[in-house]
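One line per chain: the protein sequences are X and L, in this order.
If you use my numbering, the first sequence corresponds to residues 1 to 115, in order.
If you use my numbering, the second sequence corresponds to residues 1001 to 1117, in order.
Just so you know, these hints were derived from the structure itself, not from any lab.
We put the beta carbon where it would ideally sit given N, CA and C, even for glycine.
A couple of the hints might just be wrong.
Said to hold, decoys possible - Computed beta-carbon distance windows for the label pairs:
| id | chain 1 | residue 1 | chain 2 | residue 2 | range |
| --- | --- | --- | --- | --- | --- |
| 1 | X | S3 | L | D1026 | 32 to 38 Å |
| 2 | X | V29 | L | M1041 | 22 to 28 Å |
| 3 | X | T5 | L | P1083 | 37 to 43 Å |
| 4 | L | Q1022 | X | S112 | 29 to 35 Å |
Claimed, not checked - Listing some non-contacts, in silico: residues in chain L with all C-beta distances to chain X over 12 Å:
| id | residue |
| --- | --- |
| 5 | Q1006 |
| 6 | A1052 |
| 7 | G1053 |
| 8 | Y1064 |
| 9 | A1092 |
| 10 | P1110 |
| 11 | T1115 |
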Amino acid sequence: AQSVTQLDSQVPVFEEAPVELRCNYSSSVSVYLFWYVQYPNQGLQLLLKYLSGSTLVKGINGFEAEFNKSQTSFHLRKPSVHISDTAEYFCAVRREGGSQGNLIFGKGTKLSVKP
Amino acid sequence: NAGVTQTPKFRILKIGQSMTLQCAQDMNHNYMYWYRQDPGMGLKLIYYSVGAGITDKGEVPNGYNVSRSTTEDFPLRLELAAPSQTSVYFCASSTGPKQGRSYNEQFFGPGTRLTVL
């Protein structure tokens, strides 16, 4: 069965430091992968997505992610974080088969940026 | 565009009560979804719809019902509320395959925080 594993439930980091949030997936066919961000008391917002093509995907707010098929990973990175990046981040994969569009989400990683 | 709207924002129910969570979108999206979010568990799909009159179960449908009489609205009904239904509920929408390649992007509402006591 498909699954998404976010390896860290919490990541504390100091402002202006680089950060990597890790995501591994399992899927037997070609994948569509996503990162969403959830700011406190808000809904989810799409950060970036990989559908096909270049394995390095750039998103909003300076985030990027690299699709690595051999490692089945889709890690999210930012070279220098800001206090405003404090949020919960979710990795997701589109569900195989059935109705198009359904997503399977990881359990989330809480990024805490400290001054 | 208001995007995806949800009402109410907060609600406290007693065990056994019923309620309907409202969701509406004004983006003419064919696909709509209901998720629940529990701490440390990510989002779980409850029900989804690929168009007016068509709904299907997700991962965790027990205790819930949905209907889709219009493209815009996708209400979620809780019958006989139980403490296990205490959660944050998110509605989302997306275009369908025939509406363009961006159909994979789901747009989320702000959520409804439900407590069952």
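The hints, checked one at a time:
1. X/S3 / L/D1026: 32 to 38 Å: For L/D1026 against X/S3, whose Cβ atoms are near 34 Å apart, the range 32 to 38 Å holds.
2. X/V29 / L/M1041: 22 to 28 Å: With Cβ atoms ~26 Å apart, the hint holds.
3. X/T5 / L/P1083: 37 to 43 Å: 29 Å Cβ-Cβ, so the 37 to 43 Å window is violated.
4. L/Q1022 / X/S112: 29 to 35 Å: 33 Å, holds
5. Q1006: 8 Å, violated
6. A1052: At about 15 Å from chain X, L/A1052 clears the 12 Å cut-off, so the statement holds.
7. G1053: It holds; L/G1053 is separated from chain X by about 14 Å at its closest Cβ, greater than 12 Å.
8. Y1064: 16 Å, holds
9. A1092: Answer for L/A1092: violated, closest chain X Cβ roughly 8 Å.
10. P1110: With a cut-off of 12 Å, L/P1110 comes too close to chain X, as the shortest Cβ separation is near 5 Å.
11. T1115: 15 Å, holds
Of the numbered hints stated above, those contradicted by the structure are hints 3, 5, 9 and 10, listed in ascending order.
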